[in-house]
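**Q** Chains as they are written, first to last, in this note's numbering: chain C, 1 to 581; chain A, 582 to 1009.
For the record, the hints were derived by calculation from the structure and aren't laboratory data.
Some hints here could point you the wrong way.
[Said to hold, decoys possible] Label pairs and their calculated CB-CB ranges:
#1 C:G288 to A:R599: 39 to 49 angstroms
#2 C:Q294 to A:K860: 46 to 56 angstroms
#3 A:S595 to C:L86: 43 to 53 angstroms
#4 C:D43 to A:R599: 43 to 53 angstroms
#5 C:G288 to A:M952: 18 to 28 angstroms
#6 A:K860 to C:H186: 39 to 49 angstroms
#7 A:S845 to C:S87: 22 to 32 angstroms
#8 A:E792 to C:I44: 48 to 58 angstroms
#9 A:R852 to C:H466: 48 to 58 angstroms
#10 C:N446 to A:E792: 55 to 65 angstroms
#11 C:Y82 to A:S845: 18 to 28 angstroms
[As the list claims (entries may be wrong)] With a cut-off of at most 27 angstroms between alpha-carbon atoms, the simulated DSS-like pairs for lysine-lysine come out as follows:
#12 A:K828 to C:K77
#13 C:K77 to A:K958
#14 C:K22 to A:K785
#15 A:K837 to C:K77
#16 A:K836 to C:K77
#17 A:K836 to C:K100
The structure presented is a predicted model; accordingly, all values stated were derived computationally and were not measured.
By construction, the Cβ of each residue, glycine as well, lies at the ideal position given by its N, Cα and C atoms.
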Amino acid sequence: MDKSFSKSLAQFDRQFFTGREKFTLIGRGGLGGKAHGLAAMEDILEQQLGGRFAPDIQVVIPTLTVITTDFFDFFMKDNRLYDIALSEARDDLIAQAFQKAELPAPLVGDLRALISQVHTPLAVRSSSMLEDAMFEPFASVYATKMIPNNQWDADTRFRKLAEAVKYVYASTFFKDARNYMRATKHTTADEKMAVIIQEVVGARYGDRFYPHISGVARSHNFYPLGHATPGQGVVDLALGLGKSIVDDGVGWTFSPAYPQANPPYISIHDLLEQSQTSFWAINMGPPGEYNPIQETEYMLKFNLTDAERDGTLRFIASTYRPEDDKIVFGIAEHGPRIIDFAPLLKFELIPLNSMLRTLLKICEDRLERMVEIEFAMTLDERRGTPARFGFLQVRPMVVSDAKVDVSLAELVGEHVLVASESVLGNGILDDIQDIVYVKPEKFSPNVTQTIAGQLEGLNQRLTASHVPYLLIGFGRWGSTDPLGGIPVNFGQICGAKAIVESTLPEMNFMLSQGTHFFHNITSFRVLYFSVPHWEKYTIDWPWLGRQTAVAETELVRHIKLPTPLKIKVDGTTSRGVIYHA
Amino acid sequence: MSNKPFNSFDLAQSQFDRMADRLGLDDPARELLRWPMRETQFLIPIRTDDGPVKIFRGFRVLHNDARGPGKGGIRFHPQETIDTIRALAMWMTWKCALMDIPLGGSHGGVVCDPHNLSLREQEQLCRGWVRQLSRDLGPRIDVPAPEIMTNAQHMLWMLDEFEAIRGERTPGFITGKPVGMGGSLGRLEAAGFGLVFVLREALKELGIPPEETTASVQGFGNVGQYAVRLFQQMGGKVVCVACWDQKEGTSYSYKKESGVDFNSLAGITDRFGGIDKKKAAALGYDVLPGSAWLEQDVDILIPAAIENQITIDNVKKIPPKVKIVAEGANGPMTSEAETVMAGRNIFLIPDILANAGGVTCSYFEQVQSSMNYYWEKDEVLGKLDVKMTAAFHSVLELAKEKGLSMRDAAFYIAIARVAQACRDRGWI
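Work the whole structure out from these sequences, hints included.
**A** So this is what it looks like as structure tokens:
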């Protein structure tokens, strides 16, 4: 399938922005999943969406060229990298070895030519044969590196691009990716990496470069809000680079069916605390510490004051008025800003929501399944329109279609360990005998990083023995803020087949809302339970405490039951229950 | 049959004359550019390991340095003549100008056969050569480099001698030094890779995917080896490689229809590019006469050994399937042979373009040596590719625009640039 696309797409002609083709290839190998998804949509976007929302919104796939997988093969073999890549060496050692290696000779001329004429930021993104592929969800395991690409001399820009490509190659063999491979029963031999070099959609403000809006839209919502149904999908928007949504789990969430409805925050105070207060941008100023093996080497976080100074809040923010404890639309008044995209969603300054609904439908029809798309936008700074909508990625969502019924009556009873009416996924598991849980009496937001490390060790042992387990913890799984939850990546808990995310009364945690991290969980049919302490159904902590631990640290317990748990999740009602014997 | 013995300098001058007519150069320009500006011929006495002293003959020719310091190789070869050196120096001038690098053209050599010299004797020869020329060499005067049967070790001996005479470290004196001792990463690969970069562009121009092509290569030294390696990496198949057999004093072609295996063949090749005949046969190669490489039914011929290999006598043996000839060697084809080839519509990538990767990377090395800061190989090869590709397209564009052959277009560009530099300096 890949090959057919690679044959129909044009070869890179050493003209990046000025060339006739905006989607080109370097090499004759595979495109990898991410590039494949974009290639599949290229013509359809043009045909079905091209002029439909013009002139308000111009929909484009940002200019890109793909280094196909044959160069990955050359790179690995010519530099004899498989020994260290397949060893258990630390990520930084693998990354260093890859940095020392040489890119294939037939590739470097094209990279050199590309970089000589391009002075704007570039995203160097992984596009593996397994990642995001049509039937192989493998999202966010591999690296993406943003480079400012604004250095004066072409030599420096070339070096930075080469470093970024090598870093993305190296990420194929990082620990998370290896764990992921094990969890998906793949081997590294299955894997080949293509690399996408793509224009970053955004605008420069002094030392910052960022899109005015980034977003993730899904055609299925595992957490339907208010009157919305799962099939109506969900959209997350954020100011700045999409990392806020994908990695930090911060953004403005709405249903495309009810774009004017606010997310279900408990109070305005809660909304102020939970909505976006900072944003990611590419650092165009003096570089920070030189570290080619760090994904965020050229990324910095800024706060909303910076954005206001840049003039980028005008069409996306509202203001909190403390005098009457109200939110007023726009930023005419002084006061704390709230990134709620009100001018776009409530006043339809541009037909963004309508366009997203159309786009989701087009993508669903094309891929014949539920989809998730990522995008970035810039707005005209004066009027908002025309806006430029950069379509960055599409991948299918995997949803179980097995019919499971969980009635309300089933949520209570002597043998119920966990019950919830906010459950993600669908299906029944009856082969899990192991439970790994964070001890509630020892938990504190200050120890979440320690917990992450201890969970990783347990996960490694259990996955090595092919033992699936139930995982129970507090706060938002995968939070990049250690105070907001346990900062694991999916590779560190990838052996868990069911995950419970809970809160304790003294905590003020917002649980996760289907972030990128949860795409992986649902893709692998991991069942996810949300059990906040204020809800009716809770966890039977005393029963857990009575079970004998087979392994225990100060913060985490691992118990093995004599008989398996029974875990049921009803995807249509979002109800789920876990029974013990 | 041609009766007149081949003379490289005659060929170089006739190429120049043809283009001088086309460019309408005036007499002073013609006179200045069809002859070297400076020639040095000298003798180098060496005490051999056995005791007696042997006298060797050495040369250095600076053809033109209007665009920058002279740049050119040093060849150790028993059949070396002043005319060959003159021709090579002239071609270097054109090559540097064509690649648009700020260097002139020169060349040198010693009449000897290093196969018959010990390392100590070779070292004495290198040091003696530098002693004779030290006033006329230097990073801002004339910069030597390795060529046939000279290598990085020879360059280092020469550098050491030069620095001893001058009393200072001047790594920019010579190029082709070992990596870590002032050499550039990518220098070894540069000539062969450079050839394949322009070959790739020629294939694009003809609309032929590399993976559907086969090639036959004459010469398995520096140029040939790396050309084979990169061509295969691009997906092409090399079915025949020819090289000189020092023991037998003749050349052989080694053929494998399924494609030669670069690594195994390189593993049985000596440092001068000679393949071990017995081992090659044991690896399943057909051992054919040295001239057989030219007669293979392939798409691409790469003469990458020495001058005068495709002549009026053998040009008709080139099979009809051949679409491209990429000249890895300097002057591998006579004018008469070229006329025949042109009639057959074979796409020629001329030597001053096809093998310019070596001098281009030498220039990169000199730049790095002058800065005493060395680049990664990716960076060297990336720059090389861009330079080679740009030069190819400028030649192709001119050839199309003016209805010239690729060789004439290349000479046209180069000679025009050098003549202009001479005019700008007020020499003519």
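**Q** Under the constraints set out in the numbered hints, which ones does this structure not fulfil?
**A** Per hint list: 1, 3, 8, 12, 17 violated.
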